[in-house]
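As you go down the protein sequences, you meet chains A and B in turn.
Following my numbering, the numbering of the first sequence begins with 561 at its first residue and continues without gaps.
Following my numbering, the numbering of the second sequence begins with 561 at its first residue and continues without gaps.
Hints in this document: simulated from the structure, not taken from any laboratory.
Incorrect hints may appear among the rest.
It does not matter which identical chain is used: a pair holds within one copy or between any two.
Unchecked claim - Taking lysine to aspartate or glutamate pairs in the DMTMM-like style, the calculated list, with each CA pair at most 20 angstroms apart, reads: (1) K579 with D725; (2) K751 with D722; (3) K751 with E716; (4) K751 with D731; (5) K751 with E678; (6) K593 with D738; (7) K751 with D738; (8) K751 with E719; (9) K673 with E631; (10) K579 with D659; (11) K588 with E564; (12) K751 with D735; (13) K604 with D659; (14) K751 with D725; (15) K751 with E637; (16) K648 with E631; (17) K565 with E678; (18) K673 with E752; (19) K579 with E637; (20) K741 with D725; (21) K723 with E678.
2 protein chains.
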Amino acid sequence: MEQEKGILIVLSGPSGVGKGTVRKAIMKRDDHKLHYSISATTRKPREGERDGVDYFFKSKEEFQRMIQNNELLEWAEYVGNYYGTPVKYVNDTLTEGKDVLLEIEVQGALQVKTHFPEAVFIFLVPPSLAELQERIVNRGTEAEHMVKHRMLAAREEIELMDKYDYVVVNDKVDDACDKIKAIIIAEHLRKERIYYKYKKMLEVE
Amino acid sequence: MEQEKGILIVLSGPSGVGKGTVRKAIMKRDDHKLHYSISATTRKPREGERDGVDYFFKSKEEFQRMIQNNELLEWAEYVGNYYGTPVKYVNDTLTEGKDVLLEIEVQGALQVKTHFPEAVFIFLVPPSLAELQERIVNRGTEAEHMVKHRMLAAREEIELMDKYDYVVVNDKVDDACDKIKAIIIAEHLRKERIYYKYKKMLEVE
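My request is simple: use the sequences and hints to build the entire structure.
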């Protein structure tokens, strides 16, 4: 029987909303065939982040070479750093019938949509923009002018929500994970993805 | 704040697939605001079925009066009996922000789609048509020519699957319920249904 392709799930949302935390929680509790696609980035590792686990940390020169060689599904410059998704892993894993989770910035997500319109786009939002600001301040790794810069970016990004399939509020990480799991289950049940199986069933009998 | 409307969930599928069993199981375990819309029918009650709980059992004359008075969201004649959905309960409940579950035959489901294109259409299928036949025989309430009639109808109905949003295999009732619950959760997260909330958030701050 023909191998059913996996689903590409793109998790995005404003910077500071907690994409990384939610992504890690999903991968930790995951009880089905979900694979995380590790991004490449030129930004400095934060405390506890490991190369090849959280990101592939690259120099600007290395990153630009990947762009030139068409090795990236998407890439973006965000607050002075590059972020991108190595394309080969995504394609190979989907072909094996496994789902792939991408956690990327909003600019990158929209690029993925042009290549994978059948992907599932999930937009993670904070309970309010005020809470977003608080989170960014409390992280304490950003200067004040950077916080303001991020807030402006967040307002713009929420306007971009319209390009996504689903909107999940990140009020509690566990609740957000439950919702994302439900989305993945539901997407596997969408008629478009499985109709052909039943057409075959009719042919056989 | 403006009351968000509930979602109309239409559960349908071939006769004999177990729509009633799955519907009862969902309603029994339901831990959120899901309301079952009781259908009207002219068919005879099966053992254990109660008027006003499983169906509103009507005479043909009563049913025809409901059709004439536009009191039905949809109605269909199926294997010599009428089935229909009283419209008022559905509209009132959705307006209160509660989800409504309809469990109806395939003909009726397609009529609902013309009135509620934003409803969520779930098609329940048996693991195989062979198993469908077995189930119908084992129910033992049908003569053999009726079984053949139902099998032909089922093949046609599977062709109709294409009109639905989701396809759920009823291999185990509990698994089917889990999947339908996931669909309902995911549908509440669809961008189309909640984007306006976030647009408002931007206006306020």
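**OP:** If any of the earlier hints don't hold here, list their numbers in rising order.
**Re:** Hint check: 11, 13 and 15 fail, others pass.
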